[in-house]
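> Protein chains in written order, with our numbering: chain A, 1 to 360; chain B, 1001 to 1360; chain C, 2001 to 2360; chain D, 3001 to 3360.
Hint data in this document are derived by calculation from the structure and do not stem from the laboratory.
Warning: the hint list may mix true and false statements.
Here are the simulated DSBU-like cross-link-like pairs (lysine-lysine), alpha carbons at most 30 Å apart as the crow flies [said to hold, decoys possible]:
id, chain 1, residue 1, chain 2, residue 2
1, D, K3044, A, K53
2, C, K2271, D, K3236
3, C, K2174, D, K3065
4, B, K1053, C, K2053
5, B, K1053, C, K2271
6, D, K3174, C, K2174
7, D, K3271, A, K53
8, A, K110, A, K139
9, C, K2236, D, K3174
10, A, K51, D, K3271
11, D, K3051, B, K1053
12, B, K1110, B, K1065
13, B, K1051, D, K3053
14, D, K3048, A, K44
15, D, K3065, A, K271
16, B, K1236, A, K236
17, A, K53, C, K2053
18, C, K2100, C, K2355
19, A, K51, C, K2110
20, C, K2174, D, K3271
21, A, K77, A, K110
22, C, K2051, B, K1271
23, B, K1236, A, K271
24, C, K2271, B, K1065
25, B, K1051, D, K3051
26, D, K3271, C, K2236
27, D, K3048, A, K271
28, D, K3271, A, K48
There are 4 protein chains.
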Amino acid sequence: MSRVLKAGILGATGTVGQRFILLLSEHPGFSIHALGASPRSAGKTYIKATKWKMSQPIPADVREKVVLTCEPQDLFKECDVVFSGLDADVAGEIEMAFLKADLALFSNAKNYRTHEEVPLIVPMANPSHFDLLTHQRAKHQLSKGFLVTNANCSTSGLVVPLKALQDAFGPLSKIMVTTMQAVSGAGYPGVSSLDIMDNVVPFIGGEESKMEWETLKILGGMNQELTGFELLKSTKVSATCNRVPVIDGHTECVSIEFERRPAPSVEEVIKVLENYRTEAQELGCHSAPEHAIIVSRDEDRPQPRLDRENGRGYSVTVGRVRECNVFDIKLTLLVHNTILGAAGSGVLLAELAQKKGLIV
Amino acid sequence: MSRVLKAGILGATGTVGQRFILLLSEHPGFSIHALGASPRSAGKTYIKATKWKMSQPIPADVREKVVLTCEPQDLFKECDVVFSGLDADVAGEIEMAFLKADLALFSNAKNYRTHEEVPLIVPMANPSHFDLLTHQRAKHQLSKGFLVTNANCSTSGLVVPLKALQDAFGPLSKIMVTTMQAVSGAGYPGVSSLDIMDNVVPFIGGEESKMEWETLKILGGMNQELTGFELLKSTKVSATCNRVPVIDGHTECVSIEFERRPAPSVEEVIKVLENYRTEAQELGCHSAPEHAIIVSRDEDRPQPRLDRENGRGYSVTVGRVRECNVFDIKLTLLVHNTILGAAGSGVLLAELAQKKGLIV
Amino acid sequence: MSRVLKAGILGATGTVGQRFILLLSEHPGFSIHALGASPRSAGKTYIKATKWKMSQPIPADVREKVVLTCEPQDLFKECDVVFSGLDADVAGEIEMAFLKADLALFSNAKNYRTHEEVPLIVPMANPSHFDLLTHQRAKHQLSKGFLVTNANCSTSGLVVPLKALQDAFGPLSKIMVTTMQAVSGAGYPGVSSLDIMDNVVPFIGGEESKMEWETLKILGGMNQELTGFELLKSTKVSATCNRVPVIDGHTECVSIEFERRPAPSVEEVIKVLENYRTEAQELGCHSAPEHAIIVSRDEDRPQPRLDRENGRGYSVTVGRVRECNVFDIKLTLLVHNTILGAAGSGVLLAELAQKKGLIV
Amino acid sequence: MSRVLKAGILGATGTVGQRFILLLSEHPGFSIHALGASPRSAGKTYIKATKWKMSQPIPADVREKVVLTCEPQDLFKECDVVFSGLDADVAGEIEMAFLKADLALFSNAKNYRTHEEVPLIVPMANPSHFDLLTHQRAKHQLSKGFLVTNANCSTSGLVVPLKALQDAFGPLSKIMVTTMQAVSGAGYPGVSSLDIMDNVVPFIGGEESKMEWETLKILGGMNQELTGFELLKSTKVSATCNRVPVIDGHTECVSIEFERRPAPSVEEVIKVLENYRTEAQELGCHSAPEHAIIVSRDEDRPQPRLDRENGRGYSVTVGRVRECNVFDIKLTLLVHNTILGAAGSGVLLAELAQKKGLIV
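So here's chain A without its partners, still in its complex pose (with noise of 0.2 Å):
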């Protein structure tokens, strides 16, 4: 078995940072090492510098620890792994100095996505792409160190079933998706009830964009040399976010377009979605569910309060695979946003990460 390792999460007081903690504390294959926050938390035992958010408690090795600031030195330069739950505007300059102190870092921040030499990897989808990490590592002239992004939590759910089509029928043209997003994607205190009770905000502010270049990178390849990111060309996507009153959990619809003529049919679509396989599943990894993606086929799901905790929160549910009257198929599917869609991709991209040798 793989030793513990040690683990450091930055922004550790935020949303996403909490669900880490409540991820990693019960993980056999983690320890929680270091806890890192604002410097205004700084200082102060986890406890009282945290609003804790969750249903279930903090865990109880975790209330007393004291919170540092977000800097690579000492308890953080012991850790085998740093997890980012940072909000944008500060991630940038922190996560470009844990990445020169050569850690190896994993983060759920949009600012390095975009980047040539960042891999962005939703771990049931593209962990291929963890291939471009021995250039990053020479170019940044690092021994252990990497960084790794995540994707947006709704990118997170809509690629894994659109990778599981493009490699059985062959590339997608064109994709329509229409978001209804949970509450708890905007952090705490995020989302006013003025706004959100019986209502709908029909916009999230740059998500949109994020979900529509995301999919072209997660679905797109490597050059030869693995030494940059090639984009999907032929690919369109259009996406439409939606902010609904839901706590956790997003669901999305999707009209997909193949190139192969005859599209496949709904049948085929099923069985390929159900028989999907990743990874994760075939490494073994500890947090992969034993289906990357669960097809229901009841004609009223997936349903957010009803699924969101399937695969424990890992699964992607997808239901009404149907026919389209415009593209080919049609089909809603369901993420959970802060676990597959934010701090579990983390902890699943850093069992893959250790699967296959990265971590030193």
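Starting from the structure of chain A, add chains B, C and D where the hints point.
Frame of chain A; chains B, C and D shown alone:
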């Protein structure tokens, strides 16, 4: 000024019936003359027969009115117009009996929407379809009676801007729409709180096919003899319908492809929507809103809680008009599902019919 | 008819300020003359300075008004009445400056409610407390200015039926009240959706002591010289305050013990509440509802969504009047927290003041 | 270790029955042996007979079990224990038939709670009431069967801290309680979304009298011969019950007056609640939570969404312990209404009965 019309309401105790009562009781052009409901309710006073669910109180002069059975006799025979808010399982027979009794009937039920000789009219989209009534009367040997249906609540919002765009820019080739529909659309008791709190239900039985088909009839034309409808043939519509925890107001995310190349620009589309005027405005119908379509340029509108009362619930609010990566234009619209999407359409249809000289 | 009063609004961009704007813009007795807000907003047009959150649109003639700082000069000096919706952290100084500038001020802030020379008036409970203003003016050497405060939103609902009962049956010995308060009471952004969706928060900072203390001042009297208030001494009040997922409307469950033995019966209590008339009705105040208290005999009312608009938000709705196993009488009441419980009280106080000849 | 008990479930397709299935299927001490439901469901597999509404999936070994009618024969005759989640309208006859068939029956229905020979037991409040079963068996000439009822969901939460306080400080003279109850308490479909979204319903039929009466039986004693219950005579209870938009978890605001003078202090009360241990803990019952009562010292707890899973839904969480202006002590408590307040109580009662040697 026009004379005050005696109005009957079928299905008067249901949620659509309750809305008819509110709209008509405040309306200078109608007096509520007959209330019909199931045999279980008949013979009781309205207040005793009804589980009233509107946030405004029952109009004083309706409270003690005695509810009748839904038969074309007595008080109903004296009505100038009859509005039907009946459930589909009983609407078929009852409405046919009223039509045969030579009564002018406006139905919110789905039963006759697909019939060849029955106009399906959204008042601010295709009022020209009233022209088929001459043929309908001839066929059924009626002197003053007729049957007109209004559209499904979601369709009622969608077709108003689509008609404006089709009029201005020619045929639409592809329409993709994803809805987020309010619970009031399912009647009372309708959607269980356990099904919708902290949740989305990604399915509404029969709704998607209704939206797809009704749109083609409403945006289509009639044959030269005005004896039949000609559905759009070159337009493809794909609808995905969801139920969300909102009380009133359906939100719809729409992507549109035009036949015309180059497609109209975002600004051209906005201008057409803003300037769209319909017969309801031209003829000075009492319930017609000043603007059939209200275009918001705020990035996060329309929102059901803030915009559903626009134009007293008779306007369609459109926002987020922008380019689509896959089609030409994306926009989000909002329709008050129980006013413009149901009872309000019936009332406005009756006003139009009167202005057009169809109410004898 | 009375002359139209020039009205100023302090804190005009906040949620209470927005409600003042809606109420005054529809009011024949007032013209909105001056809008004050923080230095950050001053100099901007109202539409640019404000995140408008009401479901009705911004009144047309307010949209482009330029927001001023909250100082007693220029346009504010010309105002006949000034309404303050300021936050407590700035209200103290600003309101004192306006008072010293001899302006007639109606404040929704808590700062001066406990002051010996400042009346705390719920317009349909203790309008007699206006009589202290002669003393207040003398003390501050004012000719036309004065400062009157309205009560906390929860108190504002509670004291109306309590006053009716105290007037009819003599002293109340014990009052136990548990509230379920709407999120709009916390302003904007106020309560986070993550805190209140699928949840109850059993605590509102400072609210319980406010309800307990304010009730004793409002239901109490004045000394013979009309120079000071005499709080109730023999009445004990215990309040428990909760926040629930409701947008507008505070619901309060009340148990009451009378000093009088035998205690009044349920029917006697209902009769007194139904027949309760106040100076606001007697003097014909424009905003006074026909009934200060509306008593429902339905077993499941009042409900916030169905009853908050009763009397245009100015009536208190009381239901479930019944015997209590421990005290004498239990009842449940509902108050629209941003109308009768805040801005509406201010407007009604100004109408009363004008009728009483206090607006010079 | 104890032997594994064969368990039957009556009303297995309802919401309480579904919770019984979840609790028992994860429980090492029970095997699900028989599932009973209405004749309409009987003969179908469980998955076909049920509209499953739990957020966890149907246990695999239950999905294909065939549902039986609710008669004391065949598989049900083989059961060591039978749990009833039947509706009150059918529970009376069926449960009596099972009792007469000499089966050990734990009922969640209200029908027999008030019977003189039927214990009404909240497992962590009055397990001593099991002692009456000797008399019950004698009377009905049973060798191994008996009937025990658990309390109403709201009562189940209330009496746990009350019993702790009564044990420590002697009789309670007055108890005033106001509840805010979750929609799951009304079953499925239960509360309509139109009734509860953005709303509070201040009435739950029969609930207040149940809370008032059950508390007196549970906190009361038995006669010396252990043949009858003696209800509390000097304690007065007044309950007000409300439905709020919460999925699971009843919140209750309680004021308590003690007979003892001086009354215990806040700190004394907290200490007693924190240290309260019951037979369920002493006997090592599998489902007994470590703490019957969890006391929170945070000012804004308990909250249903954050605290309902405390002790896996078996603990009562108490917060806001403070002085009351009218009585002695106020506190707010939270109980998971479908676990401790319903099915979980039944399971814990069965564990207690087994430990006490009552399951033959």
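> Now tell me, hint by hint, if it's right for this structure.
Checked hints:
1. D:K3044 with A:K53: The given pair, whose Cα atoms are some 43 Å apart, is violated under the 30 Å limit.
2. C:K2271 with D:K3236: holds, 28 Å
3. C:K2174 with D:K3065: Not OK: C:K2174 and D:K3065 at ~58 Å, beyond 30 Å, violated.
4. B:K1053 with C:K2053: Distance of about 25 Å is within 30 Å: holds.
5. B:K1053 with C:K2271: Holds, at roughly 27 Å.
6. D:K3174 with C:K2174: holds, 13 Å
7. D:K3271 with A:K53: holds, 27 Å
8. A:K110 with A:K139: Within the cut-off at roughly 21 Å; holds.
9. C:K2236 with D:K3174: Holds: C:K2236 and D:K3174 sit about 16 Å apart, inside 30 Å.
10. A:K51 with D:K3271: holds, 26 Å
11. D:K3051 with B:K1053: holds, 27 Å
12. B:K1110 with B:K1065: Given that 30 Å is the threshold and the Cα spacing comes to 28 Å, the pair holds.
13. B:K1051 with D:K3053: holds, 27 Å
14. D:K3048 with A:K44: violated, 54 Å
15. D:K3065 with A:K271: OK: D:K3065 and A:K271 at ~27 Å, within 30 Å.
16. B:K1236 with A:K236: Within the cut-off at roughly 19 Å; holds.
17. A:K53 with C:K2053: holds, 26 Å
18. C:K2100 with C:K2355: holds, 23 Å
19. A:K51 with C:K2110: Holds. A:K51 to C:K2110 sits at ~28 Å (cutoff 30 Å).
20. C:K2174 with D:K3271: holds, 29 Å
21. A:K77 with A:K110: It holds: about 23 Å lies between the C-alpha atoms, which stays within 30 Å.
22. C:K2051 with B:K1271: holds, 26 Å
23. B:K1236 with A:K271: holds, 27 Å
24. C:K2271 with B:K1065: Answer holds: C:K2271 to B:K1065 is near 27 Å, not above 30 Å.
25. B:K1051 with D:K3051: holds, 27 Å
26. D:K3271 with C:K2236: With a Cα-Cα distance of about 27 Å, the restraint between D:K3271 and C:K2236 holds, given a limit of 30 Å.
27. D:K3048 with A:K271: holds, 24 Å
28. D:K3271 with A:K48: Within the cut-off at roughly 23 Å; holds.
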